[in-house]
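Let's have the full structure, built from the sequences with the hints guiding it.
Protein sequences, first through last, are from chains B and E. End of the first sequence sits at 74 in this note's numbering; the numbers just go up one at a time, nothing left out. End of the second sequence sits at 690 in this note's numbering; the numbers just go up one at a time, nothing left out.
No wet-lab data here; the hints were simulated from the structure. Quantities reported herein were computed from a predicted structural model and do not represent experimental measurements. Hints are all accurate, no fakes.
Distance windows between CB atoms, simulated:
id, chain 1, residue 1, chain 2, residue 2, range
1, E, Asn-322, B, Val-10, 55 to 61 Å
2, E, Pro-437, B, Glu-48, 56 to 62 Å
3, B, Glu-48, E, Val-630, 48 to 54 Å
Some chain B residues flagged as far from chain E (calculated, every beta-carbon gap over 12 Å):
id, residue
4, Ile-9
5, Glu-48
6, Val-71
Just so you know, even glycine gets a beta-carbon here, dropped at the ideal spot from N, CA and C.
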Amino acid sequence: MAPLSKGIVMKAWVDADKCQGHTLCAMAAGEFFVLSDVDGHASAPNETVPPELEAKVRLAAGGCPEQAIVIEA
Amino acid sequence: MTDTVPSRAEVHYDRHTPEYREQFEQVTADMQRCPVAWTETYGGHWVISDHKSVFDLARDPQLLSSDHDPHNERKGYKGISIPSISPTQTGILEMDPPDQKDYRALMNPYLSPAAVARWAPMVADITRACLDEKIESGSIDFVDDLANIVPAVMTMALMGLPLADWVIYCEPAHAVIYTPPDSADVPRVMEMYFGMVAKLHSELEAVRQRPRPGLVHALVTAEIAGATPTDELLAGMLSLLIGGGFDTTTSLTAKSLDWLSNNPGERARLAADLPGLINSATEEFLRFFTPAPGDGRTVTKDCEYAGQQLREGDRLWLSWAMANRDPEVFPEPNEVKLDRTNNRHSAFGLGVHRCIGSNVARAIYKTMLTQVLERMPDFVCDSEAAVHYPTVGVINGMQHLPATFTPGTRLGDGLDATIARWQQKCDDEQLANPVVATGA
Ligand code: SF4
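Here is the structure:
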């Protein structure tokens with residue numbers, strides 16, 4: 002998927018109330034999502050998605066079983 | 251005011267029959283025409299079969315209780331099995347938040363991805379030893395000689411029980427699941443199973459007397475809601491860890507290897523690009539075979555859902571297996587696509603009860619699959635001699651899966667020696683300790 006047009010920054014984060022630690026997001030976009038060592042729940046340390054990771058982050062969001070990943074462009 | 255009984259969408263649904271297993275795809279398509287429906291089987295219960303409804307309902311623990319209350323201390327709810335068979339609460343799976351959440355927090359540091367990663371060398375070595383035992387002969391039973399063993403040894407390790415004891419738990423743990431409720435073998439199987447529970451009770455005491463790290467230790471020292479859990483509850487929790495740890499990963503592995511044997515082109519594709527395909531293939535086999543096909547719940551309050559009137563106390567079955575074949579979410583749901591994307595399957599359940607062992611299961615499964623593909627790439631399963639569980643109401647699994655392959659050479663010592671070596675390492679290095687937060 003092509004990056005969004007110039008000037009529009011894609012943001013993504015994990016809704017902690019919904020995430021149940023399925024860990025699929027880290028498999029799809031390990032550069033963006035970090036799993037807690039203790040409970041395996043995901044977070045996005047940096048909500049701004051670099052253009053080269055946009056496609057991967059979208060795949061992660063589509064594949065999250067709990068639909069816990071929020072994307073805002 | 252007249253008290254009319256609302257009319258309900260009714261279907262016939264009995265997942266404990268061989269026909270259900272044999273006609274699963276057709277039954278699923280039929281059920282999904284009426285995805286929230288009532289069936290009279292097992293005292294009557296709702297059956298939820300489409301992905302959207304399963305997704306909505308599974309994530310609402312306020313509306314749907316998992317509680318099993320055999321001593322009638324709360325509302326007398328019957329837990330997650332339909333029909334309800336166990337006389338005791340099956341650990342954390344038959345509990346609601348907040349207690350459920352506390353137990354989960356207690357066990358997560360033993361089962362998180364970071365915790366599981368520490369065990370990768372052991373899992374690889376035990377798998378290697380299982381294959382070494384058979385590699386020179388050119389024949390193996392993928393269930394008896396591999397998929398029964400690695401998950402069982404790993405479960406022992408996580409619990410902090412003696413690794414070699416996997417053998418004591420193996421037959422009861424599997425037999426209690428694959429023996430149909432009307433089988434003549436039930437008394438023998440139940441005796442074996444209660445023997446296993448008694449053994450777990452003695453392990454609770456042993457770990458209290460001489461503490462050693464692992465999940466058993468975490469549980470015997472737990473304080474939940476200001477009290478220590480009863481031994482009955484703890485034994486239920488340990489039985490659950492054994493049941494969840496042993497049978498499900500075994501089933502997934504056997505079903506996948508059988509499928510790959512029958513689809514050699516796809517097997518070659520997977521073997522040629524394991525790094526690229528192993529993750530998506532694993533999720534796809536999880537979706538397609540859904541080893542744990544569903545969970546029961548009890549409705550906690552009268553409400554309307556999808557045009558149906560649910561009533562407090564109604565029993566309800568969330569079918570992960572059928573939801574995983576919903577064409578709305580999974581295009582061509584009855585096809586295995588090793589590179590499927592957007593695969594938001596519910597094979598590990600959804601919501602607060604998501605399988606706590608999912609990271610362990612994936613790690614063991616991928617290791618077994620990888621090593622088989624690397625060392626026995628031309629294996630052919632004997633479909634005639636394979637034994638599938640006669641019914642799949644509890645677990646979609648296999649009892650035996652014999653296969654042949656071109657013999658190869660051993661890489662190391664045998665299984666018993668390997669287990670003994672890892673036991674030593676577990677003891678020396680206290681491997682079963684929980685991970686601790688690094689504060690990073
Ligand atoms: S895939 Fe979804 S539920 Fe799983 S860890 Fe990522 S955000 Fe959480």
